[in-house]
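Since the structure of chain A is provided, determine the placement of chain R on it from the hints.
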Amino acid sequence: MSARYDVAIIGAGLVGCAAAFELGLRGRRVAVLDQGEVNRGASGRNAGSLHFQIEPRMLEGGADPQRLAQLIPVNLRAIEDWRELPGRLRREIELVMHGGLMVAETAGERELLVRKSEVETRGGLPVRLVEGEELSRVAPYLAERVRCASYCTAEGHANPRLVTPAFAAAARHLGGEIMTGARVGGLEGRPEGWRIHIEWLRQQSGTAAASSLDAEAVLVAAGAWSPEILAPYGVRVPLVPVALSMNVTERCAPVVHHLVQHVGRRLSVKQVEAGNVLIGGGWPASLFGSETLGPNPEVWLREDSMIGNAAMAIHVVPVLAGLNLIRTWSGIASVSVDHLPVLGAIASMPGVFIAAGESSFTLGPTYARLVSELICLGQASMPIGLYRPDRFEPAADRSA
Amino acid sequence: MIASERCDLAIVGAGPGGLAAALVATECGLDVCLLDEQPRLGGQIYRQPPLGFRVDSWLAGRVYRRGRALLKRAETLRGLRHIPEATVWGLFSPEPAAGESRHRVCFERAGELSALDARYVLLASGCYEMPVPFPGWHLPGVMSVGAIQTLLKSQRVAAGRNVILAGSHPLLLIAADQLLEAGVRVSAVIFSQSPGAMIRMLASPVPLISALPQLLHGARCVRRIRRAGVPLLSGHVVTEALGSDTVEAVRVCPSGHHGESRVIACDTVGLCYGFLASTELARQAGARCAWETGSGWVVRTDEFMRSSVPNIRVAGELIGVAGAEAAALSGEIAALGIVSDAGYLTAGAASIRSRQLRRRLGRLRTFAARLAEVAAPSPELLRRLAPPETLLCRCEEVTVGTLGDALRADPAVESASTAKLLTRVGMGMCQGRMCEHAVRRLLGEFRGRALEEIPGFVPRPPVKPIPLAALAARATLPPLDPKDRVA
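First to last, the protein sequences are chains A and R. FYI, in numbering that gives the first Met the number 0 the residues of the first sequence are 0 to 399. FYI, in numbering that gives the first Met the number 0 the residues of the second sequence are 0 to 486.
Only chain R is shown next, with the shape it has when bound in the complex:
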């Protein structure tokens, strides 16, 4: 067995959701362990430079003020145990009949496996950009906008010298602004939507008011991008990344079917077509999920973020991608639920304290839902971006056409898991994170079913690859029978 320690609450993910929850739970007296893959607190949105590095004016903007305050409080909080550079690869839940119910949170750290036996588990593992297959998307230099931001935030590394940003999500504007501020050349920012669609987003006053700071930040970004002379193209898509060993240019076409394509030179492409919540741990643990456009598989919860698995709670993007402020609010609400369930706070107090938070969270989520609607690329666009020769599963090098042939040949294939068995899609090192949604979309098209109805790959431990030797090191093999041993 893996050696373990006990705690009241194990939180997976030290972004805004995990941090806010850790603060509330620790201050209420719970013994909290906060696990994260990174060396320092903050998650991706508040990604800090490594210890010993200094980055001048790190996340200087107004929108990050709240985040910086949260980080400062967490870093100086006594009693909170932070376990950095820890990859949680499995959640093992007590058997239904077992007497004491503790969840076992298994993690790898520096090549060694450890575990926490926790009464409550809060999953706040964030999200990642929805990967969108198109010809050339596997070339070095083609990356998610988040990756470009991470390089910038943590070590002031420019991902390239000549960057093109493309997709359908407003995050492109923020990333462009950050790149320009860092002195990187941005050759174009390309949105697939028409200008009309983007304006319609702002037409409804309710989300407009609730997300005023975000919208103002977006508007400031647009102004600076324009001032820098960067072409802001709408109604266009990058249909192909060109280059031999690395990306050298992109082909850009109008989103509609008519109009000429052009080739724009670049050495880096940053893409963002929306997000997928990182719910693999929650799904591995058996939490009930549903598919939502703009968020991927999200965990179904009650008003205190309780999942369908007893004592497993979720926060942040796992309930629907809605950004940092919403993540912090849901983290706080989840923590209030936990401390009250654990008897550290009355149910009445938890209810009163969470009411205000819930109201604000509701408004932010309304805005997020509207944003997701506007930002989501249409199924037609996604289909057009991935002609048959496009790599679908990069790990196993399975093309869209190969999967299509398999689905045509075997009309009985109905789920992503069966498609995986037939073609090897999703069998590689990324464990299907890159291709699952595209596989399901293709299945839906072939079988005439809605995306929500198509089951995904079954997440099982390890939800991230782990060294076989690390597992083996935790074994105590039964000794050989002494009579059996030969001198």
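In isolation and in its complexed conformation, chain A is listed as follows:
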């Protein structure tokens, strides 16, 4: 006899644990499975930025304003979601929403910011252009070469160390079960839902571990690992794994008061509560391996990324030159061709859903909310068609 659940969630990262929490609030009996531990993938290894401005990579090649406008509603929802989160979770997540600056150095970059903030303002995002004296007042730590910035007052950061464990603890409090070291061996369709076969990668302490469980619905929230979970069933998840690197300095007195990004170059800088400065912004690490990532993908930090990222950080925030780098790490994110997440029902597997990829820290709690609504109510409270898993398939194959 397999234990029965309403929803089985594959992946104990931010999206999986947040969905377990949301589904628990809706009275669902939930099990979360992860081949590793809670929060050990990209959810715990990103830099914790909460960035709600349209990302620079969305602006590449002069994206059309109409398409950009479509990106805004989910960010507005995410701002609300983060504001409510400390109260809903009642746990410390070191949430700071003091504002974020996307900086520009050149006339061309400034032009990009102007166009971007017009779209954002129209869409209701609290963004404005700051330059000259006002910029030096708002952010005296920026280099003189920074001439202009778009300022989004809602941006900031939360601590990736704490957010997912907080969701996990809250989900457990609601009766959710989180099983770690539990690799999904297979999904078997049954009249009343799905049977999930489990391969235990570690010896379990306590009671003997079951080899399968049954669930009415399955949510794949395994980030970069999602494609390899669904591949055996002929489902092509349009996500590609990307290893990114992050750097952190020793602690210092508060100096960087915002999330700092660059519109034309790869950079994100922020100072966390403990005083360390986190430096990232999409610099790659090397990811070796075969077609599947497996439980322990081989990731190597790259010398050129460390150098480039350090240089960019000092270029924009010169005071960082006085600090020591004490640690680097990498996480495996997943990206799609259109930089949008994969969120929705899997058409060919009734009762199987997915929520993975792209901006899953900033937007993860919102993705989890939306997909939980979809599972429980049959539709999400805002349009998510943009993110449908089969959006790259030939139109004829689409069911609706």
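Derived by calculation from the structure, the hints in this document are not laboratory data. Idealized CB from N, CA, C, for every residue including glycine. Hints may be right or wrong, so weigh each one.
Under 10 Å between C-beta atoms, here's a sample of chain A residues computed to sit facing chain R [to be verified]:
hint	residue
1	R301
2	A309
3	I313
Between beta-carbon pairs, the in silico distance windows are [stated by the list, open to error]:
hint	chain 1	residue 1	chain 2	residue 2	range
4	R	G443	A	H338	40 to 50 Å
5	A	P125	R	T292	54 to 64 Å
6	R	M428	A	E117	38 to 48 Å
7	R	E372	A	E198	32 to 42 Å
Leaving out everything else, chain R in the frame of chain A:
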């Protein structure tokens, strides 16, 4: 990119292991670079005074004769490139598919970064005392016995005026002898083991014979300590360092659960509960390691000290802490393997030359294993020394109790890295060197697993902190588009 030079062999660490390897490899014709954090050759065991200083009767003892000879040969050897005051912070290995395979050894020197592109890398970075958390261990004046020795050896600096030495390792005896010889007052030497346990160590004749010089040296130290009237306490532990801004006294208790505690005044405490090999570079490079009591993470090798990463070799304490003579032997064996792999020596010759060395090394390692067994503090003792209010991670000020609470609250935490994410243990400037083993021990206790099974923090570059500006100085940022520039 970091500007680099090429060499056949880069050796990290100029202690006995690195020195012995450098001699063999250079004499066989390899282009060798020897990197070390210190200004002069010798490592910690043969720590030399700075150039321009003279220390009378430096390392005069008989046991150092071999070391002094090794140093002399290395210092006069032509063709060996010594790169002093260099901190190696990262090893970047060629991508598996890459054609030419050279390892990139990145180091910082005087605030600047450089690199060596080496065909072979030999890591001989030594070991450090296993830090043991107990109340007050962060107070100034509480230090490792090695630190006290370093101050003495290099500049004849006495770490304090009134020293207490405590722990479980016989190195305490040697340090006490050196301090007394330098005229420093030693108020007590305190061993956690019972006298019976220490005698049992000597019961087996095999290790006894192979380590006769070391044992005789130890016996001479004991005689001189007794003659100086220094109390030699066994079966006791320092359970607390007392003082406000600096250590002023220690609380000493019987190792068993019964008996009264007493307070002994001092201004310096030197501790040694055994050692941890400095394998962070090897682990960062992906070399397969295993946990061994008395040595920490040690690198798994074949008979020529080849690690699991092609062309990365190890020597000295990195294969298991066994002291200077064993380090020199393993360094020599590793070098023979390298010169024969590089085609400078036939495999047969390397095999013949290493056979004798390997036999001696085997005997020394048997002795070292026995010593480690006797010297290792029991898990019960370590637990007793660290009640919940004890600082576990000194950098981030996380207590034993805080980690315990986190482990109780989240039953899914299974590794040191996850514990780090939850509590910040190991996130500071020491990069986990001080607390990793204690974190893992606690995890093992909570989860009912053996220490060997608990994964440690993941070592990544930089394995030592480096100035951000030094990294940035090596960058060539892509120039701005000229059309984009505003006049």
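Hint says 32 to 42 Å; check whether the CB-CB distance for R:E372 and A:E198 agrees.
-> holds, 38 Å
Is 38 to 48 Å a correct range for the gap between the Cβ atoms of R:M428 and A:E117?
-> Given range 38 to 48 Å: holds, Cβ gap about 45 Å.
Using 10 Å as the Cβ threshold, decide whether A:I313 counts as touching chain R.
-> With a minimum Cβ separation of about 5 Å from chain R (threshold 10 Å), the hint on A:I313 holds.
Taking 54 to 64 Å as the hint, is the beta-carbon distance of A:P125 and R:T292 inside that range?
-> holds, 58 Å
That 40 to 50 Å hint for R:G443 and A:H338 (C-beta), does it hold up?
-> holds, 43 Å
Hold the hint about A:A309 up to the distance rule: shortest CB distance to chain R must be less than 10 Å.
-> holds, 4 Å
Hold the hint about A:R301 up to the distance rule: shortest CB distance to chain R must be less than 10 Å.
-> Result: holds, 8 Å to nearest chain R Cβ.
When each numbered hint is compared with the structure, no violation occurs for any of them.
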